[in-house]
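Residues per chain, in single letters:
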Amino acid sequence: DVVMTQSPLSLPVTLGQPASISCRSSQSLVYSDGNTYLNWFQQRPGQSPRRLIYKVSNRDSGVPDRFSGSGSGTDFTLKISRVEAEDVGVYYCMQHTQWPRTFGQGTKVEIK
Amino acid sequence: EVQLVESGGGLVQPGGSLRLSCAASGFTFSTFGMNWVRQAPGKGLEWVSYISSGSSNIYYADSVRGRFTISRDNAKNSLFLQMNSLRDEDTAMYYCAREDIWGQGTLVTVSS
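Just so you know, the protein sequences line up as chains A and B, in that order.
Going by the working numbering, the letters in the first sequence line up with residues 1 to 112, in that order.
Going by the working numbering, the letters in the second sequence line up with residues 1 to 112, in that order.
In case anyone wonders, no lab produced these hints; they're calculated from the structure.
Be aware that one or more of the hints could be misleading.
To be verified - Okay, derived cross-link-like pairs now, PhoX-like style, lysine-lysine, Cα gap no bigger than 25 Å in a straight line:
| hint | chain 1 | residue 1 | chain 2 | residue 2 |
| --- | --- | --- | --- | --- |
| 1 | A | 55 | A | 108 |
| 2 | A | 112 | A | 79 |
| 3 | A | 79 | A | 108 |
| 4 | A | 112 | B | 76 |
| 5 | B | 76 | A | 108 |
| 6 | A | 55 | A | 79 |
| 7 | A | 79 | B | 43 |
Said to hold, decoys possible - Examples of chain B residues toward chain A, derived with CB under 8 Å:
| hint | residue |
| --- | --- |
| 8 | 44 |
| 9 | 46 |
| 10 | 61 |
| 11 | 95 |
| 12 | 100 |
| 13 | 102 |
| 14 | 103 |
| 15 | 104 |
Heads up, the beta-carbon is just placed ideally off N, CA and C, and yes, glycines get one too.
With the hints as extra help, turn the sequences into a complete structure.
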């Protein structure tokens, strides 16, 4: 199975400041069709997960442009340019290049 | 509005069975692959199973293979998860998920 490793697991941030979460996979996530199937999800307290980013860097509809995804191969990053109070929650990366689909452990973002 | 609504969760004894349902609306259900994802209390996300749009491709996590069965009824816009031989460690919130849309979840508690 592809192991997804996120860091840090806890991220205290100041409102208005940037934040960055790393996600590394144990194998390349490049599929035979040339696409890289790496998603980012946000789970606010008490809510279901919501997809923010698909295929590394594509923002879902309605996702603020302060969220951006980047990376390639086995190394990926989610960045929040200026953290707002509504961004508090747990963020997960997930790969669906290979079966089984696997998630990272989650990174808890909180306000300092 | 695109919506997924799970039902069927509850309290069950170890070794028992439960059938979860997910009602889809607001999109052409028959054209999308669907997933079940679970989250144990206070823990991260774990992918459970996937079924393709026409049910020809089905995958399971090792932790549930042989005990859980995923199925769908495209005429009724519904997804199912038959869970047998339930264990304490199956206790979790179970989410029905398209790639980008998640339901609110249904809670399964396995306890004597």
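Practice task
Check each numbered hint against the structure and report the violated ones by number, ascending.
Solution key: Violated: hints 4, 5.
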